[in-house]
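One line per chain: the protein sequences are A and B, in this order. Our numbering puts the first residue of the first sequence at 1, with every later residue one more than the last. Our numbering puts the first residue of the second sequence at 1, with every later residue one more than the last.
These are calculated hints, taken from the structure and not from any lab test. A few of these clues could be false.
[As the list claims (entries may be wrong)] According to the in silico footprint, chain B covers these stretches of chain A (three or more CB under 8 Å from chain B): (1) 15 to 28; (2) 49 to 62; (3) 65 to 73.
All C-beta atoms, glycine included, are put in the ideal place defined by N, C-alpha and C.
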Amino acid sequence: MTWFRRSAHPEDQLSAYADGELDGRAHSAVEAHLAGCDDCSRLLEELQAAKLALTELPRLEPRRSFVLGPEHAVASRPERRRASFTFAPAAALTVLMALLFVDAVDFSGGSSNDSFSSAGSTANSRSESAATALDSQTQLESTAGGTAASDASAPTAGGAAAPEAGGGATSALAPPVEQPGDGLDKSAIEEPAGDDGAGESGTSGAGVTQDEAQSRGQSALTDDSSDGPPLLRILEAVAAIVLVASSVVVFGPRLIRRGAR
Amino acid sequence: MVLQDDRPRRARDGDLSAFNELVVDYQSLVYNLCYRMLGQAQAAEDTAQEAFVSAWRNIASFRGESFRPWLLRIAANLCRDELRRRVRRPSSSLDSALEAGVPEPPDDDPLPEEEALAAELRSNLETALLELPLEQRTAIVLCDVEGLDYAEIATAMKTSLGTVKSRISRARLRMRDVMLRQPELLPARFRQGG
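Required output: the full structure, derived from the provided sequences and hints.
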């Protein structure tokens, strides 16, 4: 057989032509070429003969059936459930991230809110000051030297409330106050229970009172918000547990199967 | 082959009986692919069984496309794995695999000489098939033995139409060369058509 320059003859198209797999334009081009090329026409016939010979190879029947038994039904169902449950880890992760975000915003938002509502909080504290003044004083004395972190929020409120009104308004809500030796306590104790002690009371204890009022406002607010974090912590823990559990359920068997292969 | 459309969907939903109906319809197809790929009846049966088990376990990955190429892809991949295992086990020679082939199917009132020639031609073709590069063998078996079109073959082999066309072209040229080495084996219709 004489072979021709590959570029001149569509040899690589002839099998597809024989199989009817060329699109209209390519089919027409090959057909036109075949009309004028005996060698390609002969090659096409030989390729068609090879195709026919393969097609006529005996079709064999297996000696047994490959139908699956009932044990496969039990094994397969979890696949389907797991496939529909795949969203669970993603959902749990989303919820957890949202809770963490809210938690973070809550802490930062609480301090910023203080700047707006400290006056209001002190006003409120004034209204409650009479009832809580003695309590706050007691707290101030007993918790002198409390930790700075917790004290920064709540204690200041309690400390501020006492001097202002002569009775820290929200001091009852506040955990131990921060700085006993601050003079704040003293001023609180010494300050007569007054109505105007709050924001303006800074004059009597002078700057100390003002500082106390502001800090108590802050701590009051943070005290109010102190109900949030524990609940958020619980929700975060639940979301984390769901995330871990669903991940194990969804991805565990897949990893095991891959390891078995 | 025309099949009810809802059986693959029901199988994907967990209906084993629907899947087994598909097994009955396709087991010959899958077995023949495995046999033509591996050249050994026992290995073909084992691989075909494994293909159906694997298809059932991964039925959730069936996205509603044509079931036949999806199933044959699984079978072809398992055949490829088996052939690679054979390469790592040198004791499994191709010759011994061919010798373990299935018995000849009976012909309808054949002439002895014609039958002998036909048998020899088949043997040559089967040997040539097993000597093809794996990807060419897969493509030509799916096309000429199993009757898939190029689009189905592309799906089954997870490749492009152009690659399928190239592989089939090369494989068929080689098969043609095998036949031309012994033209006396070719039936008259082949010679006249050639």
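Going through the hints against the structure:
1. Check result for the stretch 15 to 28 of chain A against chain B: holds, 4 residues qualifying (beta carbon to beta carbon below 8 Å, three or more required).
2. For the stretch 49 to 62 of chain A, the proposed coverage by chain B is satisfied: 13 residues have a C-beta within less than 8 Å of a C-beta in that chain, meeting the threshold of three.
3. By the rule of at least three residues with a Cβ nearer than 8 Å to a Cβ of chain B, the coverage given for the stretch 65 to 73 of chain A holds, with 7 such residues.
No hint from the list above goes unmet by this structure.
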